[in-house]
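Respectively, the protein sequence lines represent chains A and B.
Using the numbering used here, the letters of the first sequence map in sequence onto residues 1 to 284.
Using the numbering used here, the letters of the second sequence map in sequence onto residues 1001 to 1284.
Hint data in this document are derived by calculation from the structure and do not stem from the laboratory.
Predicted, not measured: the structure shown is a model, and the values here were computed from it.
Don't take each hint at face value.
As the list claims (entries may be wrong) - Cross-link-like lysine-lysine pairs, in silico, DSBU-like; alpha carbons within 35 angstroms at most:
(1) Lys1071(B) to Lys1101(B)
(2) Lys60(A) to Lys120(A)
(3) Lys1101(B) to Lys60(A)
(4) Lys1272(B) to Lys101(A)
(5) Lys146(A) to Lys1120(B)
(6) Lys101(A) to Lys60(A)
(7) Lys1101(B) to Lys71(A)
(8) Lys57(A) to Lys1101(B)
(9) Lys60(A) to Lys1146(B)
(10) Lys1146(B) to Lys1071(B)
(11) Lys1101(B) to Lys1146(B)
(12) Lys1219(B) to Lys101(A)
(13) Lys1120(B) to Lys60(A)
(14) Lys146(A) to Lys1057(B)
(15) Lys272(A) to Lys1101(B)
(16) Lys1146(B) to Lys101(A)
(17) Lys1101(B) to Lys120(A)
(18) Lys1146(B) to Lys57(A)
(19) Lys57(A) to Lys1060(B)
(20) Lys120(A) to Lys272(A)
(21) Lys1060(B) to Lys101(A)
(22) Lys1060(B) to Lys120(A)
There are 2 protein chains.
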Amino acid sequence: MTKAIPNLLVNGLPAGAIPTDDRGLRYGDGIFETIKVCEGAPEFWRRHLRRLYLGAKSLKIEAPAEATLVKETTSLLRASCDGVLRIRLTRGGGTASYRSKPNLRPTRILELDAFPGYPKNASTQGVRVRLLETRLGQNPALAGIKHMNRLEQVLAAQEITEPEIAEGLMLDREGYLIEGTRTNVFFVSNGSLVTPALTKAGVAGILREIVLEEARRLKHTIEIRPIRPAEAYCAQECFLTNSLIHLWPVQSIENRTYVIGAFTRELARSIKVRAFAERGLPSQ
Amino acid sequence: MTKAIPNLLVNGLPAGAIPTDDRGLRYGDGIFETIKVCEGAPEFWRRHLRRLYLGAKSLKIEAPAEATLVKETTSLLRASCDGVLRIRLTRGGGTASYRSKPNLRPTRILELDAFPGYPKNASTQGVRVRLLETRLGQNPALAGIKHMNRLEQVLAAQEITEPEIAEGLMLDREGYLIEGTRTNVFFVSNGSLVTPALTKAGVAGILREIVLEEARRLKHTIEIRPIRPAEAYCAQECFLTNSLIHLWPVQSIENRTYVIGAFTRELARSIKVRAFAERGLPSQ
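Excised from the complex, chain A in its bound form (with noise of 0.2 angstroms):
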C-alpha cells in the first residue's frame, strides 16, 4: 500500500477543517493566491509569492517564509500533475474582535485541486462577455490586494445565468470599467493597449502584470487609466485574463462584437512563453 498524498494541509498538517473562531471565515480576514500547476509545476512562483506578502504586509498579517510554502507545496504536488494550488492565509484565530490581539499565529492552507472544466475553445474563438449591475466600492487600501472580502464578486456572479456567457464585467461605484468578476479586461484601442487602472478598486492579477510586461517588450503603447464602458465598445479588440485561463480573446460585450486580432494572438503567444519560462519551484 503506497501513502496517501495529502491534496490539502492546515499550518502543514493534512487536515480538512479549521477552527470556528478564524478570522478568515470571521471577517474575510486573509489574503489568497490560486496559481496555475502544469505538469508538477506552478506556473509564475516568485510572482504569486511577491503578491501574498504584499497583501500580507498591507494587511499586518505575519507571512510564513517562503521556504515552508516551497516545502508544503513539494508535498502536494504529484509529477506531471494538472491542477490550481491555493494558498489561503488568514490573521489566524481569536475572539471575536474587529482589532486582532498581537502576535496572533497566522493560518495558512495549502490545497491541491483539479483544473476546472472551462468553455472548450475559450483560449482560441474566444466567449462572450456581459456587464454586470454588481458594482464594486471603491477603496484605496484594499485595491489591488487578492483579499477575501469578495462578496462583490459572489453577487456579480449570481447574476450571469446565460450558459453562454463565460464572464461578467464589473464597473465601480463611479461608473467606470474595473475588470471582470474573476478576470482583469484589456482594450486594443487605435494601436493602444489600454486598461484599467486598479488604484480604488479591483484586483492586480499576475497575467495582468505579465501582459504589461510584455506589451512594453513589444513595445506597444500602453495606457493604464480609468475607462468608460462607452469607450470600451469603441475598441477594436478585448481580451480576459488571469492566472488559470491566461487569455481568453474576447468575442463579444453584450450586442458590440470584437474581432480576434492581431495584437491579442501575439499577446496570448508571449503569455505561453513566460508561463513555460517561469514555471517551477526555486528548488525544481
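Knowing the structure of chain A, use the given hints to seat chain B on it.
Frame of chain A; chain B shown alone:
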C-alpha cells in the same frame, strides 16, 4: 458527573471546526448576528432574526427555520448566564468559484461567549472617540447588512492604538460620517436627533433601530441623512450604540468635547426598558 453543555454548535452539532471549503472562509460569503444575553435570555431576539433573514434574502443564502435556531440557542443557554450569543450563517461549502452551485447546504454556527470586558463607567461617564483614516467603500447592495466582509473594520480598528480611545469613527469615500467600527453614531443637534443614512455603507444596527423608535415615541425630531464631520463637531450631544454596549455617551471626538445631556440620558433609559421588555426567546 454532569453532562457538559456545549458552547458551540455547527449545524446543530457540538463542533469547533468547519471544513476549509466553506464559502464563509473563502470569500466572507455569509452574515452574522451578535446578541446580548442577560440572565439566560437573549435580547431583541425577534429583531436579530428579522435582520438575519433580511441579510440572507439579500445575499440569496438559504436561512434555517426559526424553530431550529430557537432549539439550538436553548441548548446553548445556561440559566442566569450573561454573555454573547453569536449566530453565523454562511452559504456553505463548495468548490472555489465566486459563482456558487445551487442548493448548497448553508453552514450555521451558534456560539455562546463570555461578555467582553468593556471600559468601566463607559455607559455613565462616556467614552473618547477618534476619527479614523480608513474609509468605507460604498455599495448599496451590501449596505445595512451585517455580512462577513469586514476588512475595512479590521484595518480601521488597527488604527486605534491609544488605550484611552474606546471607538473610532469611519467616513465613506465621499467624506461623510457613517458609523463607528462596531457602533452606530447619533448626534443631538439643535434639539433634533441626527444619525447617518446607511444607504451606501454601514451596518443597520438593532440598537439604532431601537433608538429611532424610542425617539419617535418621545416625539423628537429625527434626521437620517448624510452628515459631514464638520457638522458633527457642531452638535451638542453625541452617543454610540450597539447590541452589546447598548448606549455609550461620547465625551469627545478628537478635541471636540460633548456634554452628556438630557437627550442622551433619556434615550439610554428608554433602551434599558426596551431591552428588558424584549428579552427572551419566543418560548421563554
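Hint by hint, here is what the structure shows:
no. : hint                     : in the structure
1   : Lys1071(B) to Lys1101(B) : 29 angstroms, holds
2   : Lys60(A) to Lys120(A)    : 41 angstroms, violated
3   : Lys1101(B) to Lys60(A)   : 33 angstroms, holds
4   : Lys1272(B) to Lys101(A)  : 31 angstroms, holds
5   : Lys146(A) to Lys1120(B)  : 40 angstroms, violated
6   : Lys101(A) to Lys60(A)    : 12 angstroms, holds
7   : Lys1101(B) to Lys71(A)   : 33 angstroms, holds
8   : Lys57(A) to Lys1101(B)   : 33 angstroms, holds
9   : Lys60(A) to Lys1146(B)   : 24 angstroms, holds
10  : Lys1146(B) to Lys1071(B) : 23 angstroms, holds
11  : Lys1101(B) to Lys1146(B) : 23 angstroms, holds
12  : Lys1219(B) to Lys101(A)  : 43 angstroms, violated
13  : Lys1120(B) to Lys60(A)   : 30 angstroms, holds
14  : Lys146(A) to Lys1057(B)  : 27 angstroms, holds
15  : Lys272(A) to Lys1101(B)  : 31 angstroms, holds
16  : Lys1146(B) to Lys101(A)  : 22 angstroms, holds
17  : Lys1101(B) to Lys120(A)  : 20 angstroms, holds
18  : Lys1146(B) to Lys57(A)   : 27 angstroms, holds
19  : Lys57(A) to Lys1060(B)   : 34 angstroms, holds
20  : Lys120(A) to Lys272(A)   : 18 angstroms, holds
21  : Lys1060(B) to Lys101(A)  : 33 angstroms, holds
22  : Lys1060(B) to Lys120(A)  : 30 angstroms, holds
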